[in-house]
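Quick note, the sequences are listed as chains A and B, same order. According to the working numbering, the first sequence is numbered sequentially starting from 765. According to the working numbering, the second sequence is numbered sequentially starting from 765.
These aren't lab readings, by the way, just hints derived from the structure by calculation. Any given hint could be a false lead.
Which copy is meant is left open, because identical chains are indistinguishable; a pair holds if it fits in one copy or across any two.
DSS-like mimics (lysine-lysine), calculated; alpha carbons at most 25 Å apart, straight line [stated by the list, open to error]:
| hint | residue 1 | residue 2 |
| --- | --- | --- |
| 1 | LYS805 | LYS845 |
| 2 | LYS967 | LYS1063 |
| 3 | LYS923 | LYS814 |
| 4 | LYS1063 | LYS886 |
Protein chains: 2
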Amino acid sequence: MHFELNHKDPATKARAGVLHTDHGAIQTPIFMPVGTVATVKAVHQEELKKDIQAQIILGNTYHLYLRPGTDILEKAGGLHKFNNWDRPILTDSGGFQVFSLAHRRKITEEGATFASHIDGSKHLFSPEGVMDIQRKIGADIIMAFDECTPYPCTYKYAKRSMHLTHRWLKRCWTHFHNTDPIYGYEQALFPIVQGSTYKDLRKQSAETIASYDSVGNAIGGLSVGEPHEDMYEMTDLVCSILPSEKPRYLMGVGTPINILECIALGVDMFDCVMPTRNARHGLLFTSQGTINIKNAKWKDDFSPIDADAPNPTSRTHTKAYLRHLFAAKEILGQQLASIHNLAFYLWLVGEARNQIIAGTFGTWKDQMVKNMNKRL
Amino acid sequence: MHFELNHKDPATKARAGVLHTDHGAIQTPIFMPVGTVATVKAVHQEELKKDIQAQIILGNTYHLYLRPGTDILEKAGGLHKFNNWDRPILTDSGGFQVFSLAHRRKITEEGATFASHIDGSKHLFSPEGVMDIQRKIGADIIMAFDECTPYPCTYKYAKRSMHLTHRWLKRCWTHFHNTDPIYGYEQALFPIVQGSTYKDLRKQSAETIASYDSVGNAIGGLSVGEPHEDMYEMTDLVCSILPSEKPRYLMGVGTPINILECIALGVDMFDCVMPTRNARHGLLFTSQGTINIKNAKWKDDFSPIDADAPNPTSRTHTKAYLRHLFAAKEILGQQLASIHNLAFYLWLVGEARNQIIAGTFGTWKDQMVKNMNKRL
């Protein structure tokens, strides 16, 4: 696996590149639809490929470990075979989900013990165990096991947690390099920068992560409730330290505006449940602003869901139809809205890439941010 | 609109034909997926076309009248434009749904008054009103307003109801011919045979319906709880009376076996919610028998959902994957299962057609019925 950095925007720190994997190339900047439990919710794999043009999807180690379980995934020949997706996959480490369990988890030096949200059964995620699990899941890109700190977080906790994440990274790194891929294609381990919203911690963490000879690096612990200014400040700082020749993945971010702003700071990869989760609640993103499709004002608006969209679903179905599907609580409403939002996110990063290559990203980004702040 | 009867099976009463409409030709025998409220539940229109190869879909007048309402449908330019479906559509008359409301409806000579299942609001469906509504919905084939009798039903009630249906038909027919299509393409009105499970009533009703110069004819009031033997006996009797040069539509039928048996009796068109409803509960139909995909026995069965299926979804996704989606209550499970069952129903009627043309329908049908009785 290797990353080609092809273009740098003259006015911002935005970059365009290609990440080559054994399941195909990923053109960056890229957005990765979240396929929590071996499915991008309400979206058929064919739609992911054809309508949405997803290049890589994400799976959640925590969810996949519980269901279907690593034994089933291993018998299937890995997640790609299990969910019939032959393009690249990235799995997170489970750190974020375990952190979300709040009172149902306990963190020690050894790892994190937690109670399943499904049946309350007790489990331990250790750095070594999570590497083994991700070997069995078989994603192309796998993530180090980290502690994702909440926001707000005291300096003392953030510092202690960051050091724990660094010690866990060392164990992940060692175990990863002492084990082989199970399915014959390469897997790359991305380490994760933590440090909450404290500049000195973020700097220290980024320097630690940069010292590893990884294929790519990730920024964690943001988009957890902090002001956007803090997200941007931390991202900018970390990007200035992480090696420029390696892809940078900002985990769990974010709104379309967050994504554009962070592309401008040098981020190459994003994932977020927002496009699919919002879609299931009838909230749509377009290049002209956001739409609450459940609003009665759309009931006789027979214009396309998004006339500017690149994908057939958003251009051929109308707002009135989609509004009707939500009013009637029809599953197809969630399907069409999910396709629309994901296709928009993929268009957004693809167009950002075009603008970077054309050297016009900065002005385009400012205009897009202005548009997307509108509520239609 | 006209029907070409091309082939008759030598051993049974099965027929193969083509029904030509302004939205394209329908090869019979045919199954029509039910798109209750302007959507075939959980199925994207592109999947209906490509994966399922649906030739015609059904809409429910009762549901469409309540939501989105005929004013919206008229503004949209009809149901085809509203739900982005350019192939033929058939709408039922609302009679069956109103009948299902039980204590929330009252039937008089004028029509049926009922309380909406959504907000309890009061409405009247009259023969003339239902013709107007179906003109506005704009389906290619529209149905006469009838009373669908329950099962069991006394002879006295069935007889009185049948006569009411016949009087309503006369009013429908007159009003239909005194009005024009709104959207520039032809609509055909199919009358409906009633008479419960009483042979003399069915005979009388079929003779009445046959006396109309309609493009096609329908058989109603079956698949409402009566034994299959009664369904077949009534269908056989009615088919022997309805004109052979016109398509025969058996409303709301049924299981794959019901469909094959009724094709053998001379029925050309079918609709039923069973493939989609069962799919949403994890019950799959295949040519080898039925599958309850929620059963734990499938958890590590990595064979295709249906290796013999003609459509990509059923061949490329595995039983283990689909079982996992149901276990995790993921929407995609309902989507894939719905696609599978509908693709199977469309394959079944398409293959029946091939066998009729080849003159081998009878033996093929007997073998299929034997297979499909199995539980896998």
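Practice prompt. State the violated hints by number, sorted upward, taking the hints as numbered earlier in the document.
Written response: 2, 3
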